[in-house]
Structures are given as structure tokens and as C-alpha cells.
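Protein chains: 2
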Amino acid sequence: MATIAILGAGIMASALTVPLTDNGHDVRLVGTHLDRDIIDSIKKTGVHPNLDVKLSPSVRPYQLEDAEEAFRGAEIAMSGVNSFGVRWASQQFPRLLQPGMHVLAVTKGMDANDQGDLRILPEVLMEQVPDDLRSRVTWSAIVGPSIAGEVAVRRHTCVVFSGKEQSVLDHLSATFRTNHYHVWTSTDFVGCEVCAAMKNCYALSVGFAEGVLEAQGEANSRYRAHNYEAVLFAQGSTEIGHMLRLLGGRIETAYGLPGVGDMYVTAAGGRNVRVGRLIGTGLTYSEAHERLGRDVTLEGAAAIRVIGGALPKLTERGVIAPSDFPLMRALYDVMGHDQHLEVPWSSFFGGEPRSGAAAEGAPQQAR
Amino acid sequence: MATIAILGAGIMASALTVPLTDNGHDVRLVGTHLDRDIIDSIKKTGVHPNLDVKLSPSVRPYQLEDAEEAFRGAEIAMSGVNSFGVRWASQQFPRLLQPGMHVLAVTKGMDANDQGDLRILPEVLMEQVPDDLRSRVTWSAIVGPSIAGEVAVRRHTCVVFSGKEQSVLDHLSATFRTNHYHVWTSTDFVGCEVCAAMKNCYALSVGFAEGVLEAQGEANSRYRAHNYEAVLFAQGSTEIGHMLRLLGGRIETAYGLPGVGDMYVTAAGGRNVRVGRLIGTGLTYSEAHERLGRDVTLEGAAAIRVIGGALPKLTERGVIAPSDFPLMRALYDVMGHDQHLEVPWSSFFGGEPRSGAAAEGAPQQAR
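Sequence order for the protein chains is A and B. The numbers in the numbering used here rise by one with no breaks, and the one at position 194 of the first sequence is 194. The numbers in the numbering used here rise by one with no breaks, and the one at position 271 of the second sequence is 271.
Among the hints, erroneous ones may be present.
Pairs of lysine to aspartate or glutamate, EDC-like flavour, derived with a Cα cap of 20 Å [unchecked claim]:
| id | chain 1 | residue 1 | chain 2 | residue 2 |
| --- | --- | --- | --- | --- |
| 1 | B | Lys-164 | B | Glu-218 |
| 2 | A | Lys-54 | B | Glu-218 |
| 3 | B | Lys-54 | A | Asp-66 |
| 4 | B | Lys-164 | B | Glu-127 |
No lab work stands behind these hints: they were computed from the structure.
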């Protein structure tokens, strides 16, 4: 039996208590300052209110002020916060981590500096941890197609535990693996994290298609816009592959669970797709965000602002060509510059050969 | 203006008359012996009954007995039949083709010989054409995510014209390209055709998930089985990549429009997914086919029988390892051997590391 302490009681972190308690581990779930009501609910009834699932009675809920107690003696220290909370989590870790602990993060996103250099979020997570302690814990992350609620109700789920040390990954994956929660491992840490961040961006774009249909008065048409969705999916897959080559990831990562697998599940629904649909109807990003509620966090949009915002800088430095990543650049025009959506069809897949009617000045209907 | 003669008036071939007539070309649509009612309807009303779309009045419909007249003087000769009709189409071609014509096929599938050697369908299509004529026409095909009805109502669609001669592909693509029908080209003929065939198989498997939910009494649950679907999608993508390496295709083909793009659109609906759902509920393939109607053609199932049936032979010859293509082998157990579905989760992605509860003899719920 292992002891696992989790910082953050969001739906993903809380869902992961299910395979852990199925395996008989000691699980301590610590709410952030935003999770007080969740922890209160679990303490009272065992039910996670956002998941609407009753957690095992062996999960021990803690409010943030008791975090140090919860992490004491833990073997595995999980970061369960989302990308908006990763800097905060890094500030908490110095007082929570002990040498020998294995850190495991579920956060999906990327970070960029002023020069446009991109880095993966585990690097942000370890930033506030003093060098000496940082090198005496291990850093790994979970990626792959995994809707939290489905993990919580034990639907078959296949994920990848990623990090630099194979022996650590073997140990962590054995701790989580059940008959429903299937775990692979990968030492392509950069590749896995890049996929996890970028798939959110492209899954958001898949949502455009339904919105465009609505705007055209075709919402009830027999014929949907699946061809449209598939193009954005395939271009997303192509751009993820390109970014992996650029940052040193392995291409297999892009067309397995972390890349197309996770993009598929993210495109199947959720907030990213909903904001995409609203943008497809003709709203700007600001208007769409207003419509969903300003307090709704949109990780896909945030990742677009980071990654899309880095592209012009990388282009200026000659790291990439102006024609690279056309979909991510179009997404950045929407999320970063608040422009209306224009899908640059002919710039996809290395550029459509210029000939035929489309090149002869016929009016374009870009969206 | 070019003249295009099309053999077969199914939905895909007929939908392709839309970009062609939008570009002002002369289009002659020839029904097979199975398409008599379709041609009669188009002659009378212009409406393709299965598409439920009115074709341009400039499309000229022909019954099969007038095929030679329709093909006379055509520059582009299309094969619009599905994989069940490709041998028949090859028998028709010797009397229809003239030297200098460009053949363009829409058929998706593969063929295998007794040794398990796989070949692409354009090779079957050219088989009955005498050598002399065969070498004096060109052979190309259309692949990529393209639901016929969406092409017919001018939804944005991106496809790839594939063949061996770049200049021919440039010419053909310019003939079809419009502001909604975007066309790329690829000389990775084998890679494109392999993707087109295999994506049908894996898209069918994505349908299992909903059926399994139904069988578990979870059809109305808040939590679907998208994680399950995503695994089959990602494993499908991985196996397509493997087959491309084996047959000499380019890996980019697998993660662009022909591979994951087309698999995405195929998984979004249609007969392949419906038969998958029925199998997920616990039916055998025979029972599922009976339920859908024995006269319903299932190209995904047919491709599984061809490709999955070739794998044991390729394994025996040492071309592939017994652990390669675990999902296609599982699909073949269902479609070829009429067994009940068992998803071999732990054999995916090179094999799940064996440790933790799943390996300790705990009862498995494979489906």
C-alpha cells in the first residue's frame, strides 16, 4: 500500500482517487482555496459535487490549511491543479514536498518566455522548489484521453505516465493500474506534454463547424459539417507533429494516446468545444467568453494564447517559417487579437496547390 | 472545359458532380446495373434519391447500356463504384477507356492474395484492362475526409488526389478544385490507399463503445465512453502508421487528411459505426448484419476480412510479429470468425507493462 497526497480537488484529481482506492492505497485529497465547498461536501457525504460521484470512504479529504499534515509521509505527491493554478502549486510545493517523493502532475498546458521559447508545465511546477529539494524528488505527468467522470465510473481508459526515469514510471504506473485504468509509460516527456497542451487548442477549433452551420441557418440540416471538423482535426494532428519535431519529441507520441487519442476525446465535448461553437457562429472570443461566463476557465484558449503568441517570435528568429502552423496562427488571431474567425483552408497541409477556380479570384467564403 | 465520365452513380460519385459542374465541366454520370432507379430519378427530376440533392441540370445521366457513348471523348474516366464493385468495374473498363484518359477512383478498400500480400484497389481496377491500354491511361484516386452529402451541399471539404504522376494530379485537382472543395495532391499512392481502407476498419471499432454502454444499462448515463472510443482511435492511428511503414507509405499520410482526418469523419457516423455499436451490445457480426439488413453493404467489415485475414499469413511468413496489429486481429476475430467482441486493451501500443492489479489475476472485463 502506498500513500498518495493530492493537491487540488478538481474533477480529474478526484477521479484518480478511484483507481488508487480500488488498489487499496491511502489517498489524501487536499482542496485548494477554490475547493473549500468540494472538500466540505466530500467530508459530509463522500460525494464530489462536480463529478456527482461518491468517492471511496477511504479517501481522506483535507482543507488547504491541513495540507502539510496530508503530505507528511506521502510517497507520491500529485499536482491536481489546472494550468491556471500551476504557479500557485509551485509556491505550495516547497513546504509540502520531502526528499524521495514522486511528483505526478495532471496539468495540461505550456509556458513561453518573451523570446517565444516554449517549455512544458512540469518545468513551471518545479520552478519555486529550491534546487536541492527539486533534484531529490522525481517529476512525472499523466497524459492521454481521459474524461475525468469516465475514470470515476470505471469506464475503460488508457493513459500514459510520462517522465524522464523509466523505473519511476514503472513504479507509478503499477500504483494506478487497474482492470479499467490501463497505464502505459513514456520517457518522451516533452512530446507527451506538448501533445497534452496542443490537443486542447485544436479540439476547440473542431467546435467551430457546428457554430458555422448555425450561422448559415443549417443547424437542422441532414448534412452536418463533419468534413470541416475532420480537416481541423487532421491539420491539428499535423501541427502537433511539427511541434514535436521542433522541440525534440517523438513522432509516435503524436499519433498515439497523447496526441490524436486525447484530441479525439477532447473534441467529443466540453467547454473547449462549446467556446469553439460560439466563435463559429460569428462571435469574437470576448463575446463567446462573456456568453459562457467570465469565471469559466478555458484551458484551450489559454494554451492558444501562449503557443500562438510564441509563433511570431519564433518566426522572427527564423526558427520556423511564416507558413508554418497556419491553424494555430488563425486560432491566435481569434483568441489573442479578438478577431472574427477566418479559416485559412488553402494554407493547410503545406499549402493547397494554386490552380483552378479557387485561385482565379472567385469570391472566397473563408469561414 | 473538360469532359468527365463517371461509372457508378452512388452517393460519392454523384456528389462529385457538384464541384465539377460548379467549374463548368461536362459531366456524364453512368449508372451501374444497380443504379437504374437512381438514373431514372435524375433523368426525371434531377434529384439523386439517396443524396436527396438536386444535381446540376448540366449533369447528363446515362443507363449502363449507354456507357460507351458516355465515355466517348472523355478526358477523365472516374470509377465511382464501391469496393464490392471494383472487379466488375475493371471488367467494364476495357470497352470504355481510350488511350490518354485519366482514370480517377473513389473506391476505398484493399485486396490480398493467398500469401497475405496486400495490394491497393487501383491495382484491382486495372487488372482486366489489357497491358497496352493500361499503360496508356493514368491511374489516380481520391482520398480524405469526405462525407458525400456534405460535398453535394458545398460544405468545406479538403481531400487528397493521389497517384504516381505529379503532373496528372495537378491537372486533375485543378479540374475539381472550388472554393469549397479544396484539393491537395500526393504521390504517396500506396500510403493514401492504405489509409483509406484501414480507417474504415478502425472507425467501425469506435462504434463499439456506445453499444457496450447500452449492454451495461448505461445508455442514459451522464458519462459516456469517449475514453474507450479514443483508445480505439489512437490504436487505429498507430496500426495505420505501422502498415504504412510495412508497405512503403509515408508516415505523414497517416496523420494528415488521408489517415486520422478520414478516420475522424468516418467515426462520426454511418453504417460502419452502426454495425460497430450493435457488436458492442454483444451481438456477433452475423447477428448485427442481419439486424441492419443482409443487403446493406459494410465496407469496413469487408476491409477487416481482407486485411485482418492477411495478418496470420504475414505472421507465419515472419513479415510481422504475433503482437503486431492487435486491434485489427481482434476485429478479424469478430468479422472473420464471428466471435463475440473482446477488446485486448493490454496488447495495445506495444503492450501495457505487466504490473499492478491488472496483472495479478484480478478478473478482467475485456469488452
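Results for each hint:
| no. | hint | result |
| --- | --- | --- |
| 1 | Lys-164(B) <-> Glu-218(B) | 49 Å, violated |
| 2 | Lys-54(A) <-> Glu-218(B) | 17 Å, holds |
| 3 | Lys-54(B) <-> Asp-66(A) | 69 Å, violated |
| 4 | Lys-164(B) <-> Glu-127(B) | 17 Å, holds |
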